[in-house]
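Trainee: Chains S and E, in that order, are what the protein sequence lines are.
Residues in the first sequence are numbered from 1 upward in steps of one, following our numbering.
Residues in the second sequence are numbered from 1 upward in steps of one, following our numbering.
Rather than coming from a laboratory, the hints here were simulated on the basis of the structure.
It is possible that some hints are incorrect.
Same chains, same label: a pair holds when it works inside one copy or across any pair of copies.
To be verified - No farther apart than 25 Å at their CA atoms in a straight line, the calculated lysine to any residue pairs in the SDA-like style are these:
(1) K70 x E214
(2) K70 x E59
(3) K70 x L153
(4) K203 x D14
(5) K70 x V86
(6) K70 x D51
(7) K70 x G125
(8) K70 x G87
(9) K70 x L207
(10) K70 x G84
(11) K70 x D126
(12) K70 x A162
(13) K203 x Q115
(14) K70 x E57
(15) K203 x L157
(16) K70 x R248
(17) K70 x Q80
There are 2 protein chains.
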Amino acid sequence: MCELLGMSANVPTDIVFSFTGLMQRGGRTGPHRDGWGIGFYEGRGLRLFQDPQASSESEVARLVQRYPIKSEVVIGHIRQANVGRVGLANTHPFVRELWGRNWCFAHNGQLAGLQPLANFYRPVGDTDSEAAFCDLLNRVRRAFPEPVAVEQLLPTLVEACAGYRRLGVFNALLSDGDWLFSFCSTRLAHITRRAPFGPAQLKDADLAVDFHAETTPNDVVTVIATDPLTANEAWALYQPGQWVLWRRGERVAEGRVDD
Amino acid sequence: MCELLGMSANVPTDIVFSFTGLMQRGGRTGPHRDGWGIGFYEGRGLRLFQDPQASSESEVARLVQRYPIKSEVVIGHIRQANVGRVGLANTHPFVRELWGRNWCFAHNGQLAGLQPLANFYRPVGDTDSEAAFCDLLNRVRRAFPEPVAVEQLLPTLVEACAGYRRLGVFNALLSDGDWLFSFCSTRLAHITRRAPFGPAQLKDADLAVDFHAETTPNDVVTVIATDPLTANEAWALYQPGQWVLWRRGERVAEGRVDD
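Make a model of the complete structure from these sequences and hints.
Mentor: Set out below in structure tokens:
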């Protein structure tokens, strides 16, 4: 299994605090030693840091913790390899261009018997996760050769995700830099922070932050993670089969698929 | 104008020395203040570092200089913006997946009146360079929907590059992680280092390296740059219109297009 991290915010926000918590689970407080990656959108650009090494020992991870990149959408992942050997090509998040935007995807879980047709998007590595991502984008492109609003896209996304879930476990985050789509197969949690902001204490490292000092009253920041990252806040748990579409920190659509 | 850096080697080799030279030209010894980027292939994976800041002041550039990533193919670029504003989405190198491989591209020059059809690959940013890259990949995909050897691909690549050159200046590097294709419109230089290795002295920084101490007798390492990076070695200059295909440090094909 792996761990996911996502952020959607209405102002460029740094994710150093949450990232620091997640990174501990990559070999220190958790077993996810087989690589990590994080993608930060900056406008339409996407800054991607990845390392097939354990995040708790990664030089690049230390850079990201020191270097407060501000972003409105972030997708991160730490990996415990199941399918596909350890290596850069198998390290999440995965990225493809569709409709002139960078689409970024990370997955937690395992899929059995996914057999995508050789189509436009093809996996570079050999994980089931990247194969599912390519299959998902191929479905989107087949349904919509030209760009459409995400609301119009949702039935295609949800139907595809429901299908992957039937093949195993499919907790996933997907974004085009504007919206952040989250799908819970078994385990995913979220928290939305807004004024009045308070202090937060990481579960996995001796680090606290007072968000009040770091934010303005209008900020809205949602963080999504496999398991709650802080000990003193009320995280909400996704229901199995639940999906939520986030934009600028707010929940803009949601639903739940049947088992 | 911008500056290009490429490497093709027969063993995983670090490019710290050449990268250090290039980075000085990003705001210190050269005027290329509008971002920089470098992609390192690791197997089929591609590790991309980019920054819209001047390379001589970039925290990420300092990491790359400290952190000897070993790779067989590298493409780097520092930017002085002409077309397209300064920002991550306009920062080279550009990457797209084709045939299940990461294709990476960087360009030096300006193109006037490039009008690619809206097709499969679309630019995310607004540079002429990324538009040319997308157009090039669309041509390749149209000619070869399924993978072919690079030798079979060369006429398509060369014809496309000759066309871009007619629109302005088109010095470019392109790779799929196996081979490195280089096209010279006006200015490009290369050097192949092999045994007996000797010392080298950067032009742009007070830094020397003794490659003899860093290599084995079988290593073959070719470095390509807009201008020679070292003061005491004999770089070869590309002729205008010349292209060279490199693989594992060796020149495997070359040619020249007419004006």
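Trainee: Hint by hint, note whether the structure agrees.
Mentor: These are the hints, each one checked on the structure:
Proximity of K70 to E214 under the C-alpha cut-off of 25 Å is restricted to the intra-copy arrangement: shortest distance 12 Å within a copy versus 39 Å between copies. For the identical chains of this complex, K70 and E59 are neighbours both inside a copy (20 Å) and across copies (15 Å), given an alpha-carbon limit of 25 Å. Taking the closest pair of Cα atoms, K70 and L153 never come within 25 Å of each other, the shortest separation being 28 Å inside a single copy and 41 Å across copies. Only within a single protomer do K203 and D14 lie at most 25 Å apart by alpha-carbon distance; the minimum there is 19 Å, versus 38 Å between protomers.
In this assembly of identical chains, the alpha carbons of K70 and V86 lie at most 25 Å apart only when taken from different copies (17 Å versus 29 Å within one copy). In the homo-oligomer, the alpha carbons of K70 and D51 lie at most 25 Å apart both inside one protomer (20 Å) and across protomers (13 Å), since each shortest distance falls under that limit. When the C-alpha separation of K70 and G125 is checked against a cutoff of 25 Å, the pair qualifies only between copies, where the shortest distance is 19 Å, while the shortest distance within a copy is 29 Å. For the homomeric pair K70 and G87, the shortest alpha-carbon distance between copies (14 Å) is at most 25 Å, but the shortest distance inside one copy (28 Å) is not.
For the homomeric pair K70 and L207, the shortest alpha-carbon distance inside one copy (20 Å) is at most 25 Å, but the shortest distance between copies (34 Å) is not. Proximity of K70 and G84 under a CA criterion of 25 Å is satisfied inter-copy only: 22 Å between copies versus 32 Å inside one chain copy. In this assembly of identical chains, the alpha carbons of K70 and D126 lie at most 25 Å apart only when taken from different copies (22 Å versus 32 Å within one copy). In this homomeric assembly, K70 and A162 never come within 25 Å of each other (Cα to Cα): the closest approach is 33 Å inside a single copy and 41 Å across copies.
Taking CA atoms no more than 25 Å apart as the test, K203 paired with Q115 passes in neither setting, with 39 Å inside one copy and 53 Å between copies. Within a single copy, K70 and E57 get their C-alpha atoms as close as 23 Å, and across copies as close as 18 Å, so both meet the 25 Å cut-off. In the homo-oligomer, the alpha carbons of K203 and L157 never lie at most 25 Å apart, since the shortest distance is 33 Å inside one protomer and 53 Å across protomers. In this assembly of identical chains, K70 and R248 lie within 25 Å of each other by CA distance solely inside one copy; the values are 14 Å within and 39 Å between copies.
Proximity of K70 to Q80 under the C-alpha cut-off of 25 Å is restricted to the inter-copy arrangement: shortest distance 24 Å between copies versus 27 Å within a copy.
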